[in-house]
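Enquirer: Chain residues, written in single-letter form:
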Amino acid sequence: MDFVRNFPFFSILLPMISGPISSVMSGKRAKRLNFAVVTVSGLLSVAAFVYVLYTGEAYNYRMGAFPAPFGNEIRVGLLETMMASFFCFVMLLSIVGGYRFTVVDIPAEKQNLFYIMMNLLLSSLLALIYTNDMFTGYVFIEINTIAACGLIMIRGWGRNLLAATKYMIMSLLGSGLVLISLSILYGITGHLLMEPMHEAIVQIIEQRTYSEPLTVAVGLFCVGIAIKSALFPFHSWLPDAYGYSTCASSAILSSLVSKGYIFLLIKFFYRVIGMDIIHTIQVDDVLFVFGIAGMVFGSISAIQQTDVSRMIAFSSVAQIGYIYMGFGLNTEAGMIASIFHILAHAAGKSMLFISLNSLSDGTWEYANYRKLRGSAYRHRIASLGFAIGSLSMVGIPLLAGFTSKVYYAKAAFGVGSSPKMLIALVALAISTILNAMYFIGQLINIYTPIVTEPEPGTVKHSNVTRVAVFMFIAVNFVLGMGSEPVFRWIQTGLAQFM
Amino acid sequence: MSRIRKNYENSFAHRFLVFVKGDKPLPEEDHVEEWKHRVAEVKETERAENASYLELAETDPYEDAKRFAKMSDMRVFRRIYYVLAMLMCLMIIGMLIMNVAYMPAFGSEDTPTNNEVAERYLEKGSEETGVVNTVTGMILQYRAFDTFGETNVLFVAACSVMILLFYKTEPEADGTEKRKRKKKAAARHNDEAVAQAEAAAETPDGSVTAPSCAWPQGMQEKETEPERDIILQNVARVVVPMIFLFGLYILLNGHLSPGGGFSGGAVIGAGLILYNAAFGFRATRRFFDEKVYDIIKVGSLCLYALIIAYYLFTGANGIASIVPLGKLGAIISSGLILPINLLVGLEVACTMYAFYALFRRGTF
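Protein sequences, first through last, are from chains P and U.
If you're matching positions, the first sequence starts at 704 in my numbering and goes up one per residue.
If you're matching positions, the second sequence starts at 2 in my numbering and goes up one per residue.
In case anyone wonders, no lab produced these hints; they're calculated from the structure.
Nothing here was measured: the structure is a model prediction, and the numbers come from that model.
Among these hints, one or two may not hold up.
What the hints assert, rightly or not - Lysine-lysine pairs mimicking DSS-like chemistry, simulated, CA-CA at most 27 Å apart:
{"id": "1", "chain 1": "P", "residue 1": "K869", "chain 2": "U", "residue 2": "K67"}
{"id": "2", "chain 1": "U", "residue 1": "K328", "chain 2": "P", "residue 2": "K731"}
{"id": "3", "chain 1": "U", "residue 1": "K292", "chain 2": "U", "residue 2": "K125"}
{"id": "4", "chain 1": "P", "residue 1": "K869", "chain 2": "U", "residue 2": "K292"}
To be verified - Some chain P residues well away from chain U (every beta-carbon gap over 10 Å; in silico):
{"id": "5", "residue": "M719"}
{"id": "6", "residue": "T742"}
{"id": "7", "residue": "G767"}
{"id": "8", "residue": "V799"}
{"id": "9", "residue": "L864"}
{"id": "10", "residue": "F937"}
{"id": "11", "residue": "L1146"}
{"id": "12", "residue": "Q1199"}
Glycine is no exception: its CB is placed at the ideal position from the N, C-alpha and C atoms.
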């Protein structure tokens, strides 16, 4: 067995070990350790990605001495390793870009706790991506939830605590539903690993023995994940949680945390239930309807905001709607478009949050749009990042958001003669116009050429933030213009799921 | 390099840097008046824009909300909301109960859960893992990775509570030499922190500093101490050692009888909490303060992680483990399970006590 095969396992374990170690370190050392760990985990994931790309087939990695139906397993395929590498990269850039705000926002005694949360969040994200075992998935959903909650409340303002409480309640509801669903699934299949579970479910469908519990379980799982990833009617926790936490937290929460759950849902659909069975019990139609609703209503709520950080947070609701809409199309093209949109949204949204925090730097922490007027002239690079991110979210050619919208449109045309095609296309058009309304409006606002004096002593230019924003801009352009190989990798990865 | 060359201000590099940083060029003499005028203009427009907001601020901020809540439409709406919420809950409850009727009957012979997996756990569990208590073998050998994750859930939960409630205490004035040293270290630490924050914020007037987490003003350490209750103390004197012993027994016998790391750790943690409730924080701190907590927590988790890494790595690569399983039923047997149980127990006990201490007074 090649040694490279161990790398995904190392990349999960490394952050888990460094979590406890950084609890006895000072904030600065914990930061260094965290930086090293995220980098090394990313490099390990990239190595695994290259390995899978060259061998051309996915493999199951046995976690322990006992083989598949008895012990734990993780699964390493092209899609998993690609996602893991990308997540590590975005996380690294977000932490680096938000470092300047982390120092100011968080009490010095609690800085190391922040990096513990980051380490455990990374390990849980990687485990959610790689897992081949539903219960392992649940355990790491728990770690992910608690770590995200810590990241929200670490700023210590009243509204952070409120946001964290909201997040905790809604998220625990989601975890509970997922756990009930897994118990039902275990009761009717007798397995927890994905492949044996899938075989048992195929048998259930053939024999029509437990089809009612199966429907209930799939429904509960979808609702649980939908609550945790803020699909439209369950998004009430999102704006406070994303809008008010410290810069690195909101960048990572909006771009990665919800995506980890969504990736688990994709694996659940493909590897446990099977897309044809999903179609038979019509879960895809429900997700389609809520995805479309999220696309429209998320944007409408975003237009109503006066606080720009809440506006960006509400735009996340719309983007999550896009992803679920792609699931709802229930075609390979729709799924590929959704996975591409996960990447595009992660690259755009984290850049938007970091740029916005830099722009609102001279305004005493308030991102009210009045205070931001003309702020582009204080921070050239941050305003460039904000502009690129906004244009990408709106869907201007050459940028990542445009490419994913093209894929969505193609996928919608591929559905065939079904009302879904027309609804999806119209919703895409409406949502694009709504996106343009608030994002372009904000761009005009921050580029308004008036002289504003920042509050004294609040503006600080940080080269590290600039570098991070530049890297994000590069990622957006690369995803927008060179989407062809990424598209092919996603296609191959999905084919490996079967 | 280029900054020391002549006429640097007019060079392209300098102008580009100024552009990127957004620094405004110094106004020339005849521009000063115009500059002032423009600033005043902008301020005037801002004031006009803010006027409506200022008016709002002078009134009762909750007035609107109160009026909103009193509106009869709102009352009706709220009632409809409650009724609908209740109906939804009842529907979900009904659906789940219906679902139970369709599930395989509990305990019957031909349920899907009675498959080859359960069979192997029960029949070969003792032989493969060296334990008498199959449950321990299952969670610590067959599904070791999940259990490691669960232990980390406890750790991350304790860290979250620390984020929420942790305070740095001021050492008492009449403290011993050790305490003074601690205070000095804390002071140095604080200075460092402030310096770090200032270096990052680099404020000319020092207006932005890191928020500190000292105790709330006016709060005395005595207030957080439990009352001295003679009955409780005398009972605790007898019961606490027994609780500790029993916890240790559960820990060490985890692979032989029902029990193990999580339950044994919970018992020991309960003993610590009882001791604290009877004798107070000062007495507990003699053997269990923040330092001990850190050492135990980090030591046990890191050792556990290393053991798990060794176990998973050798298992996955098909390397034979060098740890012997020992004689079935002996105290020192079952290979890695005994040390893992001990470490999990320590971690759980610490976390239990940490929750109690943090909720009680925000520190140890």
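Enquirer: All hints are to be evaluated individually against the structure, with a verdict given for each.
Expert: Verification of the hints:
no. : hint             : result
1   : P:K869 to U:K67  : holds (23 Å)
2   : U:K328 to P:K731 : violated (49 Å)
3   : U:K292 to U:K125 : violated (43 Å)
4   : P:K869 to U:K292 : violated (34 Å)
5   : M719             : violated (6 Å)
6   : T742             : holds (20 Å)
7   : G767             : violated (4 Å)
8   : V799             : holds (14 Å)
9   : L864             : violated (8 Å)
10  : F937             : holds (13 Å)
11  : L1146            : holds (17 Å)
12  : Q1199            : holds (20 Å)
Checked against the numbered hints given earlier, the structure breaks hints 2, 3, 4, 5, 7 and 9 and satisfies all the rest.
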